[in-house]
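Each residue of the sequence shown is one higher than the one before, starting from 0 at the first, in numbering that gives the first Met the number 0.
In case anyone wonders, no lab produced these hints; they're calculated from the structure.
Computed from a predicted structure; not experimentally measured.
Hints may be right or wrong, so weigh each one.
Claimed, not checked - The calculated BS3-like cross-link candidates involving lysine-lysine, where the alpha carbons are at most 30 Å apart (straight line), are: (1) Lys210 x Lys290; (2) Lys290 x Lys47; (3) Lys660 x Lys760.
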Amino acid sequence: MTAPNILQSLLDAIDAPVLVLEAGQIVAANDAFLQETGYILDDLLTKKISDLVVPDQRARIDRLSPENIPAAPISMTLLLRNDLACDVTCSVRGLPGSSTNILLTLMPATMTGMVSEAYANPETSNGVLADHPSVVRGITTTLEEQRSLSEMLDGLLRYLARYVVYTSANVCLLEEGRYVLATLHGDMLKVNSVSQFMASDIVTERVVNDKSPLFIQNMDSLDHQGSGMDLNYVSSWVAVPIINHNMVIGIVNLVHRERNRFSTSDMELTAAIVNQVTQTLANAWLYERAKYELQEREKAQDVLLDTLIKTDALYQIARLLMQTENLDSVLNEVLHILDLSLETETVFLLTFETVNGEIKRRYLHGVGNPDRLEREYAGLLAQTIASVDDQEPKEAQYTVQYTSDSQQLPDGRKAIAGAIKQYGVLVAVRPADAPDFSAEDYDLFDASTSQLAISLENANLYAQMRQSNIRLEHLVDKHVRDLRLERQKLRAILDATGEGIFYIEDFRFEYVNPALCRMVGYLATELIGQKLDFIHIPIEDNRPNATGDVFTNLLSGTMNFSDHNDVARLRRKDGSEFYANITFTLVGGPGAERMRMVGVVRDVSRQLALQEQRMRFITNAAHELRTPLTSFALRLHMIRKQPERMHHHLDSLERVSGYMKDLVEDMLALTRYEKGSMELVRGTLDLRDIIRSTVDSVMLFAQERGITLHVDMPDRPVKGQFDAERMGKMVEKLMTNAISFSQRQTEVRLILDVVEMTGLKHARITLEDTGDPMDSHTLETIFEPFSRPGLGDQVDTGMGLALAYAIARLHGGIMVASSLPNQPNRIVTTLPLNPQN
């Protein structure tokens, strides 16, 4: 806060209207003055004090100056902003700490009547003034001769003694929320007794709260314990409050040893006299409060400024010593800062070699010759160094050892010296006529010397560390090169590995190899930083006591970690999913700050699919073999029971044997097709001929099931390079499958047409049946062996569609199945008519 702001704050804290003048010009005014007069501060600061009074008073007012301050308050007619005038009394004083400013405190002339209404009713008050006008006004003249508040209070009590007889009188003023004795006349009452009485209930309730005068004829009527007054000296009592802006700032007490010595007239006269000078006393009270607060603030500012200077100096010294790598480059500046902060004429520093004690450095700032320091300050240096030698050595001890307090040199100068452990000595010297070093000076000197001790220690350590660093740098460079080579080797191995490998910390990817990126379809930059569940899909397991996959348990933290190998379901970037075998290995020990693991990922989707297909094949094959074997066993049993019907049973056994033979042949054929060991004997054939021949061969089977066959073929030949035998078997298997699964008394439709695909002509064979709709799982596995459950009267071995699918693939074709609600089931086979190879 700046000085003008401090002055304005002090003025605004004063309740009385106040002006500050400089050579007759108004330079400041408080809020109370602005409220009383109606002026605006900015307008007021453009005026002189003579502009605010009537013309005939301006010459007298213009003569006011710091050299011409009247001892008594002056009267003047003040011009208000609303074109009205007000007669006021004004006290004039010099502004503390200034030789050019004066302080004017304004007291409205009408204040007497206003205050008297708070003390007594108008009739009584006016009567007192009417009976004793000169007595009441005489107090003003008496107090005009007084300069300080204490003199005014003494004058008031002496003046009251002329007209009211008392044996003791005192005035108590408000200080920090309580009333404290300010002056005392007559019998010497105990100060503690007076202070205790001022805090009693009778004073608080009847004087302070009611703001009215009070007199008691007989103090015996009070509770002695509650009053707190020494009644050996008090029998009658009068109390009159000093009121300023509706606040009791003091109390005037008149006391007599004898009872019934005060009358109502005494109280009213005392109240009128006090009322007459209330504003004068209030202004003096406020002035002394403001003066005291200003002095305290100035002291606090001086202390704060000195503290700031020394704090800044210490900061600058610490910054220089801590940031430098070359101690010798900053020591001169450090001494310069100490010289300015300690206000010395000489500051010097000597440092020693720790091995032989010889002087290593000489730095001096101020008066003196660096080469003569040892002789000129020999006694001080010897005493300072001896203080270190007397101390037992302590490791890492930077405490400064002082010679004592300030030392006086032979020529009268004052000095303080401190030994910087065994590294050196710091000395500061002031002229003989300079003040002694203060506690703050010692604190700064102590802190600076401690910083120097640390810096000198660091400088020695730095020299040792440089040698060590040279050796370490060589070793580090060698290890870094070795580590880089090992890292390159490891990365090359990981990048070339066909299995996916990743490294995670707290379940976030820190490294992924190219194989893993290919598996999931993400770039390495897209995975780094993502959590493990970015590509993981939890496996739902509804079995009793199921714990879920290890992947999910690791992410949820529901299991203690150990090396694991388990199958998890992962998601690719395109949304497709696959199963992978993941092996986790912990890096570091359990309980580490961060969870670090290495994972190896192997795509097992095809392996699981083949395993599932194998299990399905075994199950379905067992089912297909069990039915004929059961029939075979039944016929053998019937032959034993009914030998007379052996011919009939042998016919059944022959059919069962033929079915089993066909089943085995179909299985062997499918194996040869899938292995690619079957050679096609291609020739130019018309598919219409193959279809007609096949229809004739299955017609009897269709009639047995009540199925009508409809065949739609083009009129023109559909020729291509086909193996006649295999192609006939494919069409036969397709038609047999359609007839087997169609509802009885319905129809099966075969459609042959020619389509163009990828610029080549293809033959398209479509089989439609009226069987039950197929679900998605059946459609996915329909071309696998034994994929559809057999019917009791079907002639297909369960291998039909698998063989047909394999033959179509051998001819370079494709075969797909579809099933939609309210539409027939369809199997569409597309074959190239002119295969490229």
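Here's how the hints hold up against the structure:
Distance hint between Lys210 and Lys290 is fulfilled; the C-alpha atoms sit about 27 Å from each other, no more than 30 Å. Between the alpha carbons of Lys290 and Lys47 the distance comes to roughly 25 Å, so the proposed pair stays at or under 30 Å and holds. Proposed proximity of Lys660 and Lys760 is contradicted: the alpha carbons are some 38 Å apart, above 30 Å.
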